[in-house]
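Participant: Residue numbers (my numbering), protein chains in the order written: chain A, 1 to 297; chain B, 1001 to 1275.
Just so you know, these hints were derived from the structure itself, not from any lab.
It cannot be assumed that every hint is accurate.
[What the hints assert, rightly or not] Computed cross-link-like contacts, SDA-like style, restricted to lysine to any residue with a CA-CA straight-line distance of at most 25 Å:
#1 A:LYS231 with B:TYR1257
#2 A:LYS109 with B:PHE1258
#3 A:LYS109 with A:SER95
[As the list claims (entries may be wrong)] Listed next, with one range per pair, are the computed distances between beta-carbon atoms:
#4 B:SER1168 with A:LEU77: 45 to 51 Å
#5 A:ILE187 with B:THR1012: 16 to 22 Å
#6 A:ASP188 with B:PRO1252: 37 to 43 Å
#7 B:PRO1252 with A:LEU24: 26 to 32 Å
#8 B:PHE1024 with A:SER95: 19 to 25 Å
#9 B:ALA1051 with A:ASP157: 36 to 42 Å
#10 A:ILE99 with B:ALA1173: 38 to 44 Å
#11 A:PHE49 with B:PHE1024: 32 to 38 Å
#12 A:ALA200 with B:VAL1081: 54 to 60 Å
#13 B:PHE1024 with A:VAL52: 51 to 57 Å
Since we're looking at a predicted model, the values are computed, not measured.
Heads up, the beta-carbon is just placed ideally off N, CA and C, and yes, glycines get one too.
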Amino acid sequence: MKSRKRATLYSYAWSGPSLLLIGLMVVFPILYTAYISLTNMNVYHWFDFTIVGLDNYIRALFVFDSGFLSALLATILWTAMSMLFQLVIAFVLASLLNIQKLRFRKLYKTVLMFPWAMPGYVSILLWKTGIFNSQFGLLNQWMEKLGLAAARWLASDVSAFICCSIVNLWLALPFMIMIMDGALQSIDRSYYESALLDGANWLERTRSITVPAIRPIIAPAVIITIFTTFKQFDVVYLLTQQAGAKTGSGFHTILTYAYENAFITNNYGYSSAISIIIFVLLIAFSARYQLREEGDR
Amino acid sequence: MKWKRFTDLILTHAVLIVVCFIFFFPILWLVLASFSRTGSIYDLSGFFPKAFSLSGYQTLFTDTQMYDYPNWLKNTLFVAVLSSLLGTILVILTAYTISRFQFRTRKVLMKSTLVLSMFPSFMGMTAVYLLMVNFGLINQLWSLVLIYASGAPMGYLVQKGYFDSISSSVFEAARLDGASNFTIFRTIALPLSKPIIVYTALTQFAWPWSDFILPNLLLKNKDLWTVAVGLMHLDETQFTRFAAGSIFIAVPIVILYFCLSGFLVTGVTAGAAKE
């Protein structure tokens, strides 16, 4: 009994500094954000802000012109598209890499890892100034050589969405390929051999052996990727929204939308409400996933 | 049959080579551009620079009037090293505590860190800004260190998993010998956990090293810029400078990721698979 008490004491003493810092830098900001979300704090009311109740939430959720709902829709579309492409392309590439007796396998894998290992902002800025640049970017130089008109790739909503998706794919695929590759390697070859003897074709083998076998292995990584894609900020911000270098595209994910309202137009009350909504959405999503997982066990 | 197998193989290699090219060419281009003699992107014709030279790297470190790269690098190093040091200590202590000790709020703590990590962290910056004003840390690199270090213990799962895997009989034996908790931690746990400490330190280093959001929000003073903020302010006329500066920041991280790749991938899957 006494040692148990001491263990408790130790636990708190040792995790104390962490808990204190988390309380200060994580919990307090969230509580404060929740509080600000109920006020009209903005440029005009820096210090004399008043409580306005749920006005900010109502504006975000029920006034379509406010832009939050369209940003949310765009984010969901963005996440769905990214995940679909990532899973399909990664699956195909990982399958190719797992063909038996493939030569240069190591070399291919090493090269494919590079985008993942680069610091994200360096790659994104490189795509922006180097490749999508409207005047002398690589893409427009190629367009000119082909006799086509140069385009302002990041200026309109749809093409900005596509460009951001491509960069995001480029950044995210290596990780997905590695996960898929590991999963594919763990499948017992003998399943395929007996399936081949039964005359199953590639599609049947994929559907009834490969997919069920890799699903539980890649599930955690896929869930994490869904989260990071949904919370994607870097790509969209650096490509199109950077302060002083806005390209004119209206494509927003919910996070760049919240960021713009907080730090560009300084609508603190409103942007705080949005942060809280995002927070709740993510908790709801993860709770659902956790429940499902618990049910599976 | 044999012929078909041969064409299949050719096709496989063709696809892989094309994909590898797409994945690799922006990086190759960055390297080439960093050796361009003139600074602006307008002087690059197509893929290759017109003339090669090392002047990009030279101006990076000598022409510091407008863009003080050495200073940015110094600031980045300062923030990354201290965050890594502080963050590692915090993570290891937290993970060890949660792994080894049973205490009443343990489950609650684990659940709540999971929930708290859902919050888009930089959106709490208004509050953090207020805190920093109160601490007198505004426009100081220490504020960044503090934020990164306190974010670190939120990701303790991988480390906890590692400590969980150490057999508890070792600890029980030491306890029977009358060793105190601190002695056990110092003489048994620490020597056994060298790999996880290295892993933690490196990942804690990589985050501040390649983050741009927080420095961009908090560092208004030009002397305090980190490399990320500085590179964001270089436009296409300074492309060679940008390329050379990027290479310097990218090489350590790329090496680090390649060394850790196996670890990082299994870490993600293992850490998430547990609770």
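Participant: Now look at each hint and say whether the structure bears it out.
Facilitator: Against the structure, the hints come out as follows:
1. With a CA separation close to 23 Å, the supplied pair LYS231 of chain A and TYR1257 of chain B stays within the 25 Å bound.
2. Under the criterion of a C-alpha separation no larger than 25 Å, the hint pairing LYS109 of chain A with PHE1258 of chain B is consistent with the structure, at around 11 Å.
3. With a C-alpha separation of about 12 Å, the suggested pairing of LYS109 of chain A with SER95 of chain A holds against the 25 Å cut-off.
4. Hint check: SER1168 of chain B to LEU77 of chain A, Cβ distance near 49 Å, so the stated range 45 to 51 Å holds.
5. Take ILE187 of chain A and THR1012 of chain B: their Cβ atoms lie about 19 Å apart, and the range 16 to 22 Å holds.
6. Against the hinted window of 37 to 43 Å, the Cβ-Cβ separation of ASP188 of chain A and PRO1252 of chain B comes to about 40 Å, which satisfies the hint.
7. Roughly 31 Å separates the CB atoms of PRO1252 of chain B and LEU24 of chain A, a value that falls within the hinted 26 to 32 Å.
8. For PHE1024 of chain B and SER95 of chain A, the Cβ-Cβ distance of about 21 Å falls inside the hinted range of 19 to 25 Å, so the restraint holds.
9. As the Cβ distance of ALA1051 of chain B to ASP157 of chain A is approximately 40 Å, the hint placing it in 36 to 42 Å holds.
10. Distance hint check for ILE99 of chain A and ALA1173 of chain B: the Cβ-Cβ separation is about 50 Å, which falls outside the suggested range of 38 to 44 Å.
11. A C-beta distance of roughly 51 Å is found between PHE49 of chain A and PHE1024 of chain B, which places it outside the suggested range of 32 to 38 Å.
12. Between ALA200 of chain A and VAL1081 of chain B, the C-beta spacing of about 56 Å keeps the proposed range 54 to 60 Å intact.
13. Separated by about 53 Å at the C-beta atoms, PHE1024 of chain B and VAL52 of chain A satisfy the suggested range of 51 to 57 Å.
Going through the hint list in order, the structure does not satisfy hints 10, 11.
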